[in-house]
Amino acid sequence: MQDPETGTQPTQASQHHDAGAHGQGGDAHAHDHAPHLAHHFDTPTQQFESGKLGMWVFLATEILMFGGLFAAYGMYRGNHPEIYLYAHHYLDTTLGAINTIILLASSFTVAWGVRAAQKGQRKLLVTLLLLTLLGGFGFMGIKAIEYTSKFTHDLWPGSANMFYNPTLNPMFADANDPRAAQLEAIRHLEEYYGIRGGHGGGGHGGGHAGAIEQPRITLTDDADPGDAEAASGQGEAPGPSPAVERSMINPPAVGAGGLSEEALGEAPSHVAPHMPAAAAGATLTYEDLPPTEQSRAHMFFQIYYMMTGLHAVHVLVGLGLISWITVRSFRGAFGPAYYTPVDLVGLYWHLVDLIWIFLFPLLYLIH
Amino acid sequence: MTDDHAHESPRQASTSTELHAPDHDAHAAGHAAPLWLLAAVFAALLVLTGATVAVTQIQLGPLNVWLALLIATVKAALVVLYFMHLRWDSPFNATILISALLFVAVLTGAVIHDSREYRPLLDRPQSTPRRVAVAGQRDRRRPSRAGCGTAGTRDGAK
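Which chain is which? The protein sequence lines are A and B, in order.
Here the first sequence stands for residues 1 to 367, where the numbers follow this note's numbering.
Here the second sequence stands for residues 1 to 158, where the numbers follow this note's numbering.
In case anyone wonders, no lab produced these hints; they're calculated from the structure.
We put the beta carbon where it would ideally sit given N, CA and C, even for glycine.
Heads up, a few of these hints could be off.
Said to hold, decoys possible - Pairs of lysine to any residue, SDA-like flavour, derived with a Cα cap of 20 Å: (1) A:Lys-143 with B:Leu-107; (2) A:Lys-143 with B:Val-53; (3) A:Lys-123 with B:Val-53.
Unchecked claim - If you only want the chain A side, here are some residues facing chain B, beta carbon under 10 Å, derived: (4) Met-55; (5) Trp-56; (6) Val-114; (7) Leu-133; (8) Phe-137; (9) Ser-323; (10) Phe-330.
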C-alpha cells in the first residue's frame, strides 16, 4: 500500500530516528513501525488524533476570522435593514442555490472519499476527489459569472461601486451633476435586474446571466412615484438638491402597475407584507430608500464582496489542497493505515461548505 | 457501522503487519462512516437547502432571518457531525469547535447589541424598537403624521 516514493518528511525523519535509536537494520524497522509514524509520536493513532486536533484548532481560527465578518454583517443589517432588503436583489438566487448544491455535493464526495481511503479503495478515492475538484471548479466558475455580471454593471467593490457617494465615485467624475447621473444609472440598473418595472425577464431569477436589456418602461400613474416623492420631499427638503431628485424620479413614473406579471407574483417574497411597496405589489427600489440610506446602499456590496471573496479564496486554497491529495492518492499514498492528509483536507473542505451554508441564506435570501 | 471493519480484514492484514502490535489499528483511529449514512446526510442537506429557499416565500416578518439561520444551523450540524466525523471523534475536537462558535456568538452579540446604542446617531429614520426590519419604511410612509414621537430626528437632518 505504501509507496516509498511518496514518503513525506516525517516518514524519513522517523525512519532515520528509528534506525539510530533502536539500532535496527533498515529492514527490521520497516516492519516494526508504521512508515508514516513520526518519531515524536508513540503510535499511528496518536499521530492521527494529534493531526486532527491541530486541524480543528486551525478550523476554529477560521471560524473566528469569518466570525468578524458575520458580526459586521449583523451590525449593518441591524441598523440598516432596508439596504439589505433592497440590494440583495442584485444577487442571483438561482446561481446561489446551484452553488450551494454544488458545494454540498462536493462535501459529500469528500466525506465518501475519506471513507474510501479508510477502506483502501484507491480508484474510488481518486474518482471521488476528482469529482470534488469538479465541484470546486464549478463553484468558482459560477462565482466568476456572478462577479463578472456585477462588474459589468459597475457593482464593484470599493469606491467604484455604482451606489458609492456620487461626488466621490470615479464613475460619475465627469458628470455635471453626479447625483443625477447616479440616479439615472441606478434606474437603468434596476430595470435590468427586474427590481423596477420595465424588464420582464425577472433579473434575479437567473435571467440576468444571459438576458439582454429590453428597456420597456411602462407608464402608469401608480402610487409609487408618489411614494418616492413623499420620501424625497421629506428627506431631501433641507438637502441641497431636492429639485434634482424630483426630476430624476418623475419622468419614468414606473410603479407597481408597471411590473410584469412575474415581478408582481414575486414581489411579496422579498418584501415584508406590512411594507407599503409590498402592499402595492412592487419591489423596493432605490428611491424608496430613505435618503440617508441611499448613500449607504453600497455597503451591502462591500460586505457581500468581503464575505464571498474571503470564502472564494478558501475555495481556491481547497482546490489546491485537493489537487495535491488527488495526485498522492493516484500514486497510492493512502490506505487504511495512513490517510491523515485526506481526512484533514476533507475537514477543511467541509468548513468551506459550512461557511457557505450560512452565507447563502444571509446574502441571497434576504426577506 | 462496525461492519465496516469486518470486511476490511483481508486488506488490513497486509498493512497492519507494518504497524506496532498494541497500537496498531491505525484504521480504528478513524471511524469509517457507513455510505448509506453519508448519502442520507447529503439528501437531508439538499432537502434543507430547498426548505431554506422555500421558507423565503413565507411571510414571517423578522422571524424569517431566524428561521433561515435555524435551518442553516441544522445543516451545519449535519455536516459537522457526520461529514466531519465529529460524532465519532474525540470530544476534545468538539470542545474546540464549540468554544470557537461561542466566541463568535459573543462577538456578534456584543457588536449587534452595541450597534443599537448608537442607532439614534445614524441620521436615519428612527427605528421602532421591535420592528427593526421595517421600521424605516414605516416612517417613510407616513411622514407627515405626527404619529411617531421620534419624527424630529428623521432623515436629512444633517
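**Study point:** Non-conforming hints, listed in increasing numerical order
**Key:** Violated hints: 1, 3, 7, 8, 9, 10; rest satisfied.
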